[in-house]
Structures are given as C-alpha cells and as structure tokens.
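A.B. asks: Listed below, chain by chain, are the residues.
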Amino acid sequence: MRIIKMYKKFLEPFLECLGQFGRLYAPVRKNGVLTYGPIESISEAVFSDEHPLIPIKKLFHPMKFDMFRFGESGFQPDYSMVEKRVIIGVHPCEIHSLLRLDDVFMADPPDPYYSQLRHNSAILGFSCMPTENSLCTSTGTDIVEEGYDLFFIDLDQFYLVWVGSSLGHDMILCHDEFFEDEVTHEDIAKYVAWREKRNLAFKKSFAFRNMPDLMELSYNSEIWEQFGKKCLSCGQCSMVCPTCNCYDTTDVLDVSNKVSGRRERMWDSCMFVDYSLVAGGHNFRATRADRLKLWYTHKLKTFGKEYGRPSCVGCGRCVDTCPVDINVLTVSQALSAREVPK
Amino acid sequence: MSVEIGIENPFQPEAARIVRQYDLIKDHRFFQVRFLDVKRAMSFTYNPGQFLMLSLPGVGEAPFSISSTPSRPGILEMGVRKVGKLTEVLFTKSDNDIIYIRGPYGNGFRLDQMRGKDLIIVAGGLGVIPLRSILYYVLDNRDDFGQLFFLYGARRPDEILFQTEFFQLKDRRDIECFYTVDKVDGGNWTENVGVVTTLFKNLPRLDPLKLNAVVCGPPVMYKFVIKELLNLKIPKNQIQLSLERKMKCGVGKCGHCALDNLYTCTSGPVFTYWDTIHFRELI
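Residue numbers (this note's numbering), protein chains in the order written: chain R, 1163 to 1504; chain P, -2 to 280.
FYI, nobody ran anything at the bench for these hints, they're computed from the structure.
Do not take every clue at face value.
If you want the footprint, here are the derived chain P segments under chain R, 3+ residues with CB under 8 Å [as the list claims (entries may be wrong)]: (1) 56 to 62; (2) 103 to 113; (3) 197 to 203; (4) 242 to 252.
Derived CB-CB ranges, DEER-like [claimed, not checked]: (5) R:Ala1363 to P:Pro232: 18 to 26 Å; (6) R:Tyr1469 to P:Asn185: 54 to 62 Å; (7) R:Glu1378 to P:Gln9: 35 to 43 Å; (8) R:Pro1200 to P:Arg152: 56 to 64 Å; (9) R:Tyr1469 to P:Asn234: 34 to 42 Å; (10) R:Met1428 to P:Gly71: 34 to 42 Å; (11) P:Phe164 to R:His1444: 24 to 32 Å; (12) P:Gln9 to R:Tyr1469: 21 to 29 Å; (13) R:Leu1394 to P:Arg152: 46 to 54 Å.
Beta carbons are placed, not taken as given, at the ideal position from N, Cα and C, and that holds for glycine.
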C-alpha cells in the first residue's frame, strides 16, 4: 500500500482532472437532501460527515432500470446505463456496503448489470467524523482496507492519500506534482491524534458481535410481536439500508405496441406483505413480526453465516429514518434487555 | 464513455416452442416445450428436482418445476396450475406458440446418495409435478436403484394429476404404486381414501439405512409425512424435501426465496430433512 500526502489547495484541481477517467459522481444537495449524483464541476460536490439519504447502492443496484428490451425477436439485454464513472466522497461504511453487495451480486453467476457498473466505477473514499447515529465502530466498518482506488484522510491542512489500486495509481499520475511521498513524524502524529479524536466522538454503540447468538436465542421472543405492532411495513429501512439488495421485476409494454416493451428491475423490500407470497396464496411471512424478524436476522446474523460477516455496516440510516424507532439500536437493545424501548 | 459488455447474462430468456399442451384437470395444464435452437434443445441437461424460469414478454417471469426426466432429452415438460397473471396468459397459448425459458436452476435431488438404494416417493397434490421427473428418471435407469414405492395423494379423484399414465404404472412389476384421495363424492374410485400418510401402512418392512425418501406437496403435508418417515427409522439426511418459494432471479440475487442463511433457488429447492431441521421458518 502506498500512502502519500497532498495539500488541501490541490484537491479541487486534482479531482477536476479525473473527468478523463469517467463521469464524475459525488454527494450533491438536491432540494435540501444530500444524494449521490453526477456533477459537472467539483464545486457542486458536498464533502461532509453527513450520509447521503439514499446509500451508494443506488449507483450499482439502481432503484429502477431496464434489464431487457423485448419484441418479436425475443429479449435483448439493455446495458445502456453502464458508463465509466469516478465516484468521489465515499465514506468507509459505504465502501464496506459495496463489499457486502459484492458478496451477493458478484457470486457465480455474476449479475451482469451490477458487475459492469462495479468494474467501470472508480471509488474515491473520503474520511469522515461520526454523526449523531453513526455505529460503524460497533460494526468494525469505520476503517477501510480494501474496496477503493484512492482514500483521502482529512488532516486539516493536508490529506493523507491511500492508493488502493492500479487505477488509483494512474489517477495520481495525472497530477503527480500535487503529491509528496515523504510523510513526516509530525504528520504521523497528526494522523494518530485524528484517529483518537474520532474514536472518542462516537455517541452510540451496540453489541454487534453478540447479535448472531442473541438473534438465535431470541427467535421465539415476544419482542418481535411488540415491534410488529409498531411497524408500519413502509419499507423505508430497506430503501435506506446500504446492504439491502432485494429486487422485483416487472414487464412494461410500450404504449403504442402490444409486443414490444421492457423488463424493469426495481428495489423490493421483505417488509412488504406480498414479498414471500407464493402461488395459491400461501404466505410464508404473513405477519409484520415475521417480516421484521427476517430483516433483522438477515442483517445481524444469517448473512454472516453465508458470507463470513453480518451485513450491517453501522451507517445509522435506519436509526435516522424509521418513523417508529425500529432500528439496529432499538432491536439490539430490546433483545439484550428483553424490553422494547418506549 | 461507452463500455464493452462481454459477459454472459444469466437472466437472458431463451425462445422455446410449445410442442404440445393439454389440460390435466381443471386449471392444471401440461406443457411440452423445446428450445427453438436445436443444439440447445439437445444439449440442455438438468437434474430431477430442478426448475425453470418461464417468461412471457409483457407479462413477466416465474419459476416452474421441471416435470420431465433428463433421461429423455430434447423435450422439457411442466405441469402448471392457473393461479396468477402469468399462468392465465400461459393457458391461452396453443401448440407451436413461442414462450421463453431459462435455467435449469436449483440443485435437484441427490441422485448420488440414492443409487443402489430403495426409494419412496411421496407426493401431495401439485407436488407430484417435480416428483414425476425423479419417478421417470428412476424407471428409465431402473437397474441403478433398489425397490421403488410411489405414494400419491390428492384431495379428490378428479384432482389426481397424470391419472392415466400413473395408473398404468400399477401394471409394472418394478414399482409399487399407492394412490389416495382425501374425500370421495360418488364416482368409482377404487383406491385408498384418506390423507397421504394413510398409505404408509402398505409399505413392506424395509432396511431404513438402504432407504431414501423424496417428498413434495403443500406446506401442511410435510410435518405429517416426515413423522411417518422417521417412524420408518430413515436417517434424516436420506429424506429429501422439495420446497416452494417465490423467486425472481433463480440465481441467488433477488433475495425473495431466502430461507435462513440460504437461498431456496441455489441451495434448494431440494433440502434434506437434516439440512432443514434447524431452519426456523421452514414449512
């Protein structure tokens, strides 16, 4: 791993030059909401500690897109959304979430849409300080060791830049003069102080490592029924969760033609009542308690059984957004204390 | 910047022709299909117990069990119940119409552990459709297996699927067939009356270590059938269950068929009872 140093005044000109590697994407503010989107110039990008409301999965597993065009000659895949991209300002938890999504979508056979978007996107990570509901120290996702091309750690006057891939190395070369190889003892001391300051800034935590066992032990707990009574089945938790990957497909006919159209793929949520409905009307998860239990068991236990680690990356979006306070914090607290928080 | 896409699309539906289709019983129809591409038709192979994703452009896509046996290549067969939008449109199709399929998906039955052993096939209602595949596979490779027992129950005599062909099997000496219905209202039903578990009394004494069982039926049936099979002392990993779940992708991406840490589409739809004994929300 190569770690180099760049003074802050070079950030904007450096990022501008990355347009030659693909279309630039970054968090931008739209109607007051922070969201990932394409940018024309770096000045539009908002680099902050705040998480975009909708996670980065939307750039790789889009909310809605056309998988195929169909007509009399059958189904033709539609890859028109795939383009070369450089995504700037990605926080560590988001990079971890992409690694979790890779576990699913890149497993054999790879999903061609996700894998092409992934292969054609550069990831430029940026460090952040914890926000009100950040839980990434609990989930061990506050630091990244892989999954980026470049990673910038903000140390006030300068950045320490981790070069994570050959593509990242090529990017550096487009403005080699901005970067210094020499990192002084003083710089290292600044980095260590930053890590300590950040570790102390977390306001909330939960016992992530206990959760797989606690989930198993709590399968028949009345806690689920109590949460089930509160849950609105709105699916918001799935939409804002960076590792929720479920989708549904629908065929849409062209307005003017009865044989041609497109097969759309869009996000789905296991919170929705028809999610596990099968032919003949049997529903494997008819109650809200069943569906909540599936969601939390999947996030905090079973994903790990299949892929090595549970899928929660501690971004805190479920804490920010659930209208009735059902989230990894309240669920883990209730399962530990045997009481649903009021 | 445009990019080259050079990889396989596992979701690509392939054109197939309906060779023949006819009603099995009310709202249940049998379809024989063949890939338009002759090479594809002849090279396509699968295991009994696997499934296909069937597409009708403009209507959608859904999973269907394969009901034919790979020992008779070239033709694929499915039995379909009319229960939703896709099947309603499928039922309007005629011979020679084009449909789209992709697959095969899932794991299928564990033939390796069944070879040389005795086998009980237990089917309930529509569950006989995937089991017809293993039934004919065993009959086509008869010397590879020991004694074969086929237990099939439906609600009423007019709900027995494939009645003519299954009743003909009773004349064969290399298989024992037992049929039952829950209820008879008139007619000339001469077979057993009662739920499918009442057929177990017909089975001879068998060596449980040399015995496999495969089961498919409505969710309510599994618990009772498993109890009977455990009474026969069959080891739990020699009981194979084919499970139904909703699937959108067939390859472990869409999440719908998640069952504990596994996907029914990739780790199933066939699970041994031992595999599933700790699944909390199995059946």
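A.B. asks: Now tell me if each hint is right for this structure.
C.D. replies: Each hint tested on the structure:
Check result for the stretch 56 to 62 of chain P against chain R: holds, 4 residues qualifying (beta carbon to beta carbon below 8 Å, three or more required). Chain R is given as covering the stretch 103 to 113 of chain P, and this is violated because 0 residues of the stretch bring a CB closer than 8 Å to a CB of that chain, at least three being needed. Using a Cβ-Cβ cut-off of 8 Å, 0 residues of the stretch 197 to 203 of chain P lie near chain R, which falls short of the minimum of three, so the contact claim is violated. Counting residues of the stretch 242 to 252 of chain P whose CB lies closer than 8 Å to any CB of chain R gives 9, which reaches the minimum of 3, so the coverage claim holds.
Evaluation of the 18 to 26 Å hint for Ala1363 (chain R) and Pro232 (chain P) yields a failure: the beta carbon distance comes to about 56 Å. Look at Tyr1469 (chain R) against Asn185 (chain P): about 57 Å separates their beta carbons, and that is inside 54 to 62 Å. Restraint check, Glu1378 (chain R) to Gln9 (chain P): a C-beta distance of roughly 39 Å satisfies the suggested window 35 to 43 Å. Take Pro1200 (chain R) and Arg152 (chain P): their Cβ atoms lie about 58 Å apart, and the range 56 to 64 Å holds.
At roughly 25 Å, the beta carbons of Tyr1469 (chain R) and Asn234 (chain P) sit outside the given window of 34 to 42 Å. Distance hint check: the CB atoms of Met1428 (chain R) and Gly71 (chain P) are about 37 Å apart, consistent with the given range 34 to 42 Å. Checked against the given bound of 24 to 32 Å, the beta carbons of Phe164 (chain P) and His1444 (chain R), roughly 29 Å apart, stay inside it. Between Gln9 (chain P) and Tyr1469 (chain R) the Cβ separation comes to about 26 Å, which falls inside the hinted range of 21 to 29 Å.
Checking the proposed 46 to 54 Å range against Leu1394 (chain R) and Arg152 (chain P) shows it is violated: the Cβ atoms sit about 39 Å from each other.
This entry does not satisfy hints 2, 3, 5, 9, 13, going by the numbered hints stated previously.
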